[in-house]
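Engineer: Letter by letter, the chains look like this.
Number of protein chains: 2
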Amino acid sequence: MKDLGHGANTEIMAIKYNKNPKDILDFSSNINPKLIPNLESYILEGLKECTSYPDINYTRLRKNISDYIKVKPEFIIPGNGATEIIYLLMKSINKRLAIFNPTFSEYKRSAELNGLDILHLNLDKNNNFEINLENLKSNINNFDSLFVCNPNNPNGKVKNLEKVLHLIVENNKLLIVDETFMEFVEHEEKYSLIKYVEKYENIFILKAVTKFFGMPGLRLGYGVTSNKEIIEKIYTYKEPWTINSFADNLSNYIFKDENYIKESKEYYIKERYFLTKELSQIPSIELYDTDTNFILLRLKKNKANDIKEKLFIESNILIRDASNFIGLDESYIRIAIKSHSENEILIKELKKVLGY
Amino acid sequence: MKDLGHGANTEIMAIKYNKNPKDILDFSSNINPKLIPNLESYILEGLKECTSYPDINYTRLRKNISDYIKVKPEFIIPGNGATEIIYLLMKSINKRLAIFNPTFSEYKRSAELNGLDILHLNLDKNNNFEINLENLKSNINNFDSLFVCNPNNPNGKVKNLEKVLHLIVENNKLLIVDETFMEFVEHEEKYSLIKYVEKYENIFILKAVTKFFGMPGLRLGYGVTSNKEIIEKIYTYKEPWTINSFADNLSNYIFKDENYIKESKEYYIKERYFLTKELSQIPSIELYDTDTNFILLRLKKNKANDIKEKLFIESNILIRDASNFIGLDESYIRIAIKSHSENEILIKELKKVLGY
Numbered sequence: 045m046k047d048l049g050h051g052a053n054t055e056i057m058a059i060k061y062n063k064n065p066k067d068i069l070d071f072s073s074n075i076n077p078k079l080i081p082n083l084e085s086y087i088l089e090g091l092k093e094c095t096s097y098p099d100i101n102y103t104r105l106r107k108n109i110s111d112y113i114k115v116k117p118e119f120i121i122p123g124n125g126a127t128e129i130i131y132l133l134m135k136s137i138n139k140r141l142a143i144f145n146p147t148f149s150e151y152k153r154s155a156e157l158n159g160l161d162i163l164h165l166n167l168d169k170n171n172n173f174e175i176n177l178e179n180l181k182s183n184i185n186n187f188d189s190l191f192v193c194n195p196n197n198p199n200g201k202v203k204n205l206e207k208v209l210h211l212i213v214e215n216n217k218l219l220i221v222d223e224t225f226m227e228f229v230e231h232e233e234k235y236s237l238i239k240y241v242e243k244y245e246n247i248f249i250l251k252a253v254t255k256f257f258g259m260p261g262l263r264l265g266y267g268v269t270s271n272k273e274i275i276e277k278i279y280t281y282k283e284p285w286t287i288n289s290f291a292d293n294l295s296n297y298i299f300k301d302e303n304y305i306k307e308s309k310e311y312y313i314k315e316r317y318f319l320t321k322e323l324s325q326i327p328s329i330e331l332y333d334t335d336t337n338f339i340l341l342r343l344k345k346n347k348a349n350d351i352k353e354k355l356f357i358e359s360n361i362l363i364r365d366a367s368n369f370i371g372l373d374e375s376y377i378r379i380a381i382k383s384h385s386e387n388e389i390l391i392k393e394l395k396k397v398l399g400y
Numbered sequence: 045m046k047d048l049g050h051g052a053n054t055e056i057m058a059i060k061y062n063k064n065p066k067d068i069l070d071f072s073s074n075i076n077p078k079l080i081p082n083l084e085s086y087i088l089e090g091l092k093e094c095t096s097y098p099d100i101n102y103t104r105l106r107k108n109i110s111d112y113i114k115v116k117p118e119f120i121i122p123g124n125g126a127t128e129i130i131y132l133l134m135k136s137i138n139k140r141l142a143i144f145n146p147t148f149s150e151y152k153r154s155a156e157l158n159g160l161d162i163l164h165l166n167l168d169k170n171n172n173f174e175i176n177l178e179n180l181k182s183n184i185n186n187f188d189s190l191f192v193c194n195p196n197n198p199n200g201k202v203k204n205l206e207k208v209l210h211l212i213v214e215n216n217k218l219l220i221v222d223e224t225f226m227e228f229v230e231h232e233e234k235y236s237l238i239k240y241v242e243k244y245e246n247i248f249i250l251k252a253v254t255k256f257f258g259m260p261g262l263r264l265g266y267g268v269t270s271n272k273e274i275i276e277k278i279y280t281y282k283e284p285w286t287i288n289s290f291a292d293n294l295s296n297y298i299f300k301d302e303n304y305i306k307e308s309k310e311y312y313i314k315e316r317y318f319l320t321k322e323l324s325q326i327p328s329i330e331l332y333d334t335d336t337n338f339i340l341l342r343l344k345k346n347k348a349n350d351i352k353e354k355l356f357i358e359s360n361i362l363i364r365d366a367s368n369f370i371g372l373d374e375s376y377i378r379i380a381i382k383s384h385s386e387n388e389i390l391i392k393e394l395k396k397v398l399g400y
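Sequence lines, in order, name chains B and L. Under this note's numbering, the first residue of the first sequence carries the number 45, and numbering increases by one thereafter. Under this note's numbering, the first residue of the second sequence carries the number 45, and numbering increases by one thereafter.
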């Protein structure tokens, strides 16, 4: 197996330290700990659909997503997680791609595997990982497409991309925005570029479904664009039946549960406040602003890997060593926001290993 | 959406003729109508695993498949259906690929998308779609890899590939065998090349799980090879987390249900006998030998599409118009073997539309 740079793996760590994976509190991956009500009955309904192939055109699935995000079904490309769409997109865009670092490692991997030329740009570490617009302008002739993750992984702060969008449209480039974590943001409608998709062909948005809805193992994501040329190219390469029947069928329910969506958002607002307040009181930690369901921390006195190993060995807690993100170093860790009681345990144990 | 050449689509046909898809008897896709016992409880167990990412290395899944097929776990590459593995394989083999026609259309599509040079060879239509070994020998210097589907889709007759394998090994080529339908065969152990995988690096076998186990919507398949160079290349291109948690978890149970596997095989032996006997009594039909769960028919007096439309409109039955398989023409249809009562309906309705 290759190391794909996704940091710790519960199974591998558990084997290494002779622990039961079920005993581990996994703060390394960013998933909603709450699930929608009646999930079991929906899944058993989906099981009945498993006895035939999914609709190769995923007509119902695209319609359900369309109702949710208010974009025409023909502009929605469903995928086996957002990951499938990232890889298809890399086959379908022009050769020069700019990526803002630090960010999710699959953008670079998928671009390289498809022979794209990557221009690495830096987010401003000293200004909440914002985009320096002047710097972007000076590079505008050096790329065809710009890849931005918003809110960005690993820091979690949402960006207002209106000015970036105008710059991209003016120069007839393509803006790719990974909005995988956008649903965790308080004023999502203000920041999401979904509202501009039907207006501009210069936008391609990536969405995950299963992170916000707490089921990454279900594997569902999608791409959204009105760019017919890119849609055409993606379907030239797309493999058939990549989305399983459970995910296909669950789309009948998951997006309509407004109460769940509202409560999840409120939960994260409250829990972000709690966790950042507690963490900010630990003197040897520098905290980065976040609007989503994870928090980036800089350890002023410790190495990320030391603290990760200590937390695992002494407290059965797995965190993300963030040192392998381009532009970060061995002082960075990332933690997910989990249930309140789990977050309390994290604070207590983190203080302990840091010597407080 | 592109037409990927998979024949009829229940949803599209239902819309065209204003029918409810649930009323349609689908004889166009080849799926075991029986399911393993206790499936619902396994699926609900899998749901619990959906709340985290699947193990990126699928260690447990590969171990479970390994116990089933008696091949080392490191030689097993799990996929989102056999389809994912076909596409990865096409990125990982040498440039010249020979394909025996008629066969499943995804081999050609995936090879073309990855820029391979395809040599189209013909199975012998007048001899049960066998491979002409002399013809293969005379072409041996014209390809690097040979793709064979065994039993072949759309005709279903199993082939003994021992001589082909020896020819391939002698000439240091690669033999790719799609054994998606092998588990339906009576003496599977005699025909499957799985037993030679650890001995020869010249074999790559494709396996589907979900067809034989009646759940194509679950999406699980795998590739098997001891060719380290190909394994390495496949993992260079493989996307993370392509297999969902339901499939991953179900591997704990599905392969161990020896009783289900035995009963399914016995069911198909009996039902193949029934259906071929009945069909052979229809004068305007030529029947091809089959060892699996579908049957290829040549209509002596009718066009495939006419009979397909008639069966759909008059009898709510969907069959596969097989005229778009390379090397076949508009007189060919393919039908799946379904439950006994459904098979009886098919015979009755088919006789009716053929005028008997």
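Derived from the structure by calculation, the hints contain no laboratory data. Treat the hints loosely; a few may be bogus.
Claimed, not checked - Derived lysine-lysine pairs resembling BS3-like cross-links, with alpha carbons at most 30 Å apart: (1) B:Lys344 / B:Lys395; (2) L:Lys217 / B:Lys282; (3) B:Lys277 / L:Lys152; (4) B:Lys347 / B:Lys114; (5) B:Lys60 / L:Lys114; (6) L:Lys239 / B:Lys282; (7) B:Lys234 / B:Lys169; (8) B:Lys395 / B:Lys347; (9) L:Lys139 / B:Lys139; (10) B:Lys139 / L:Lys201; (11) B:Lys92 / L:Lys66; (12) L:Lys201 / L:Lys169.
Unchecked claim - If you only want the chain L side, here are some residues facing chain B, beta carbon under 8 Å, derived: (13) Asn53; (14) Thr95; (15) Ile100; (16) Glu273; (17) Asn368; (18) Gly371.
Unchecked claim - Derived CB-CB ranges, DEER-like: (19) L:Ile357 / B:Ile370: 37 to 47 Å; (20) L:Asn170 / B:Glu273: 25 to 35 Å; (21) L:Glu118 / B:Leu163: 35 to 45 Å; (22) B:Lys78 / L:Asn215: 53 to 63 Å; (23) B:Glu156 / L:Pro117: 20 to 30 Å; (24) B:Lys78 / L:Asn186: 54 to 64 Å; (25) L:Gln325 / B:Glu55: 51 to 61 Å; (26) B:Ile370 / L:Glu276: 16 to 26 Å; (27) B:Glu233 / L:Glu388: 55 to 65 Å.
Even for Gly, the Cβ is constructed at its ideal location relative to N, Cα and C.
Engineer: Interface hint check: asparagine 368 of chain L, Cβ to nearest Cβ on chain B, cutoff 8 Å. Holds or violated?
Structural biologist: Result: violated, 15 Å to nearest chain B Cβ.
Engineer: Is the distance from the Cβ of lysine 78 of chain B to the Cβ of asparagine 186 of chain L consistent with 54 to 64 Å?
Structural biologist: Check passed, 59 Å falls within 54 to 64 Å.
Engineer: Minimum Cβ distance from threonine 95 of chain L to chain B below 8 Å?
Structural biologist: Where the cut-off is 8 Å and the nearest Cβ of chain B is about 6 Å from threonine 95 of chain L, the hint holds.
Engineer: For the hint 51 to 61 Å, verify it against the beta carbon of glutamine 325 of chain L and that of glutamate 55 of chain B.
Structural biologist: Holds: the Cβ-Cβ distance is about 57 Å, inside 51 to 61 Å.
Engineer: Go ahead and decide if the range 55 to 65 Å is satisfied by the Cβ distance of glutamate 233 of chain B to glutamate 388 of chain L.
Structural biologist: holds, 57 Å
Engineer: Have a go at the glycine 371 of chain L hint: is there a Cβ in chain B nearer than 8 Å to its own Cβ?
Structural biologist: Constraint on glycine 371 of chain L not satisfied, violated at 22 Å.
Engineer: Does lysine 234 of chain B pair with lysine 169 of chain B here, judged by a C-alpha cut-off of 30 Å?
Structural biologist: OK: lysine 234 of chain B and lysine 169 of chain B at ~24 Å, within 30 Å.
Engineer: Mind checking the hinted window 35 to 45 Å against the Cβ distance between glutamate 118 of chain L and leucine 163 of chain B?
Structural biologist: Since the Cβ atoms of glutamate 118 of chain L and leucine 163 of chain B sit about 38 Å apart, the hinted range of 35 to 45 Å holds.
Engineer: So if I understand the rule, the pair passes when the alpha-carbon distance is 30 Å or less; does lysine 239 of chain L with lysine 282 of chain B pass?
Structural biologist: Given that 30 Å is the threshold and the Cα spacing comes to 33 Å, the pair is violated.
Engineer: Could you tell me whether the CB distance from isoleucine 370 of chain B to glutamate 276 of chain L stays inside 16 to 26 Å?
Structural biologist: holds, 25 Å
Engineer: Does isoleucine 100 of chain L meet its interface restraint, that is, does its C-beta lie within less than 8 Å of any C-beta in chain B?
Structural biologist: It holds, given that the least Cβ distance between isoleucine 100 of chain L and chain B is near 6 Å, below 8 Å.
Engineer: Has the given pair, lysine 60 of chain B with lysine 114 of chain L, been kept, meaning a C-alpha gap of at most 30 Å?
Structural biologist: Holds: lysine 60 of chain B and lysine 114 of chain L sit about 27 Å apart, inside 30 Å.
Checked against the numbered hints listed earlier, the structure breaks hints 4, 6, 10, 16, 17, 18, 19, 20; every other hint is satisfied.
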